[in-house]
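Novice: Each chain, written out:
4 protein chains.
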Amino acid sequence: MAKDLFSTRRMEALTDGVFAIAMTLLVLDISVDILGNVSSNQQLINAFTSDFGSSFISFIISFLLLGSMWAVHARQFDSIKFADRRLMMINNFRLLAVVLIPFTTSLSGTFPELTLATMLFPLNFMALTFLSSWEWSYATSNSKLYDKNELSGKTINFLKVKNKIFALSSVIVTVLSFFIGSWAFILFLPVSYIWMKLAKRI
Amino acid sequence: MAKDLFSTRRMEALTDGVFAIAMTLLVLDISVDILGNVSSNQQLINAFTSDFGSSFISFIISFLLLGSMWAVHARQFDSIKFADRRLMMINNFRLLAVVLIPFTTSLSGTFPELTLATMLFPLNFMALTFLSSWEWSYATSNSKLYDKNELSGKTINFLKVKNKIFALSSVIVTVLSFFIGSWAFILFLPVSYIWMKLAKRI
Amino acid sequence: MAKDLFSTRRMEALTDGVFAIAMTLLVLDISVDILGNVSSNQQLINAFTSDFGSSFISFIISFLLLGSMWAVHARQFDSIKFADRRLMMINNFRLLAVVLIPFTTSLSGTFPELTLATMLFPLNFMALTFLSSWEWSYATSNSKLYDKNELSGKTINFLKVKNKIFALSSVIVTVLSFFIGSWAFILFLPVSYIWMKLAKRI
Amino acid sequence: MAKDLFSTRRMEALTDGVFAIAMTLLVLDISVDILGNVSSNQQLINAFTSDFGSSFISFIISFLLLGSMWAVHARQFDSIKFADRRLMMINNFRLLAVVLIPFTTSLSGTFPELTLATMLFPLNFMALTFLSSWEWSYATSNSKLYDKNELSGKTINFLKVKNKIFALSSVIVTVLSFFIGSWAFILFLPVSYIWMKLAKRI
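Protein chains in written order, with the working numbering: chain L, 10 to 211; chain F, 10 to 211; chain B, 10 to 211; chain D, 10 to 211.
Any given hint could be a false lead.
For identical chains, the list gives no copy identity; a pair is met inside one copy or between any two copies.
What the hints assert, rightly or not - Below, computed lysine to aspartate or glutamate pairings styled on EDC-like, alpha-carbon distance capped at 20 Å: (1) 169 - 13; (2) 163 - 13; (3) 173 - 60; (4) 90 - 159; (5) 173 - 93; (6) 171 - 122.
None of these hints come from the bench; they were simulated from the model.
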């Protein structure tokens with residue numbers, strides 16, 4: 010009786026807002042307060058090359074990863090035109106994983122020596138890739154939701170495979186973080202670079 | 010003389026922005042600062058299973074409830090095309106209830122042993138459901154505001170009943186929180202699940 | 010040579026974002042931290058009826074005023090279709106006044122006994138009403154910027170007068186705050202209510 | 010196989026969100042906490058004319074500069090209609106420079122006596138102008154991305170030159186900050202004013 014399909018415009022607006030805020034909140038973690046008592050240029054350089062420096066690097070990595078995950082959402086919804094209630098719920102779970110990124114980034118920056126703390130960021134990112142993959146699978150399983158002129162069955166299958174490869178690479182990095190600690194973070198960047206390269210060839 | 014009806018596009022944009030920020034601000038409440046001095050994986054696990062854990066659970070519940078309340082707004086305004094001044098004011102009161110959610114969540118997380126503190130979150134949520142119901146009643150009472158091709162009189166009445174059922178269930182949870190304290194929170198999730206299920210049958 | 014007129018869509022999006030964030034940031038000022046050591050329901054009631062209570066009231070007032078000022082912007086731009094560089098700059102100054110509201114609200118809440126501190130909030134709000142009035146005057150002075158089918162010369166003049174009445178009432182409240190301190194705040198609500206009523210009669 | 014070109018609508022929404030939040034976060038740096046113990050109007054005036062005053066001025070400058078950089082983005086994308094993956098990535102790097110502005114503003118406000126700290130804000134702004142220039146160059150190098158009816162080859166070349174003049178003026182201010190410290194900030198405003206004037210003549 011009531012409407013079953015809704016425009017995805019509002020979902021896109023909420024998603025853009027949540028990503029924009031999560032990406033900007035990351036910067037609150039590198040506030041000047043944690044620089045402590047700095048009274049010379051040399052001390053400032055020291056601060057940047059010690060703890061603050063590693064916080065800064067994880068800020069950059071998290072920002073670029075969130076930016077990439079946003080771009081994945083933007084590209085997915087360029088073809089998805091309608092949403093049902095379930096798609097809205099899956100999208101909310103995906104946003105939950107986005108919102109947790111500033112917290113897990115901060116956690117691994119504060120306790121770099123604890124395996125558990127450094128592991129939560131890759132796990133968070135892994136959850137985000139899985140939810141991205143799940144949302145795409147769900148949306149493309151119902152031909153009422155997407156624009157058939159833009160997405161052929163072949164393309165849909167290809168993109169599903171690509172999503173799974175990406176989700177798998179996030180599993181690998183999570184496992185690696187058990188053994189090599191916070192250094193595993195750095196592997197996200199080449200992984201997403203290779204993934205971008207692969208995506209371009211298609 | 011001046012225009013009386015305005016496009017709802019701007020109201021939707023403000024609402025998406027306020028929901029996105031409120032949903033993201035919730036995460037500030039589970040900052041690493043409250044973990045205190047943690048120096049081993051075991052201590053981190055302890056922190057997660059004690060106070061921090063309960064904060065984390067109320068964060069998840071509040072996030073999903075806000076997500077559901079956003080989806081209600083998105084679905085309502087899928088059919089509402091124009092706004093008058095009063096609708097804009099009602100929407101602002103609704104956003105006030107949204108903006109208070111991070112505060113009342115934080116309050117019940119910080120003082121879980123005080124009935125008054127734990128009661129404010131359900132009351133806040135109850136106010137949000139009532140305002141959602143009021144805005145829908147008002148918008149559908151003026152046939153200039155909604156799209157008649159999408160909403161029949163029968164659908165409008167049905168949705169009004171549904172809104173009232175939901176508002177009633179939030180009253181029940183608020184009353185329950187007097188007796189069973191913070192455990193009443195957990196009832197919001199099955200209530201909204203049942204509500205989602207019911208909504209699907211229509 | 011280059012384009013002179015731009016769609017107002019982006020200006021609207023930035024404005025909605027800034028208002029949404031400013032309205033939500035207000036809530037950060039009533040965080041649980043300022044409740045201090047509360048260990049019984051009675052102490053929580055005391056906290057709510059003393060300092061915290063007055064903070065809470067100024068939060069509500071600021072939120073509703075910002076909501077009203079947002080509605081003014083939304084209604085103005087319902088008829089304004091194009092922006093030139095100067096309109097973009099005026100809008101940025103207006104957003105500056107919006108962004109300062111959480112700060113001046115917080116200032117008058119923290120130092121309610123200092124005339125200077127309580128005066129800054131009405132001055133801030135006054136600046137916002139003046140800038141709103143200026144932006145409307147500028148936009149309606151260039152017939153390329155607005156939709157002539159929606160705005161007659163008579164309507165434009167009427168709305169200019171209305172804007173000036175509102176700006177004047179904010180001057181009165183500012184002057185009053187010199188003599189009656191923070192109580193002058195409360196006058197904003199009836200003023201904006203009367204203003205809403207007047208606006209409806211047009 | 011997969012789509013190569015996407016609507017710029019989502020990129021615009023993310024950018025508006027990030028700018029809106031960065032512009033509003035600036036205000037968090039001038040919170041009442043840094044006023045310290047103030048108990049008379051005279052003390053409040055003293056606070057405003059000393060450290061707090063200089064923080065306030067850098068807040069205003071940063072806000073207006075971010076507003077101008079947002080307007081540059083809005084005007085650029087008024088003609089750019091489609092985005093490929095690379096343009097999305099360049100835009101994310103540009104947003105990274107936007108998000109860092111509140112941090113570098115805060116840094117130069119907290120340590121005004123350290124050359125290194127005051128230098129980071131102009132460097133940040135310089136990076137933002139360079140990325141703006143790069144994104145425009147990239148977008149206009151591919152005729153599939155922009156609207157040929159709105160942008161002639163002559164206009165594109167002219168705007169490229171203008172972007173480079175602006176990027177150059179940010180280099181000059183950065184070099185100046187080595188010698189005259191935080192006073193160099195003040196030069197950004199006349200530079201952007203002259204630049205606005207020049208832009209109008211075109």
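Novice: So, for every hint listed, does it hold in this structure?
Specialist: Hint by hint, here is what the structure shows:
1. 169 - 13: Classified as between; 17 Å across copies, 25 Å inside a copy.
2. 163 - 13: Answer is between; shortest inter-copy Cα gap is 16 Å, intra-copy 27 Å.
3. 173 - 60: Close neither inside one copy (35 Å) nor across copies (36 Å); limit 20 Å.
4. 90 - 159: both (11 Å within a copy, 18 Å between copies)
5. 173 - 93: neither (24 Å within a copy, 22 Å between copies)
6. 171 - 122: For residue 171 and residue 122, the Cα distance exceeds 20 Å both inside one copy (34 Å) and across copies (49 Å).
The structure fails hints 3, 5, 6 (numbered hints given earlier, in ascending order).
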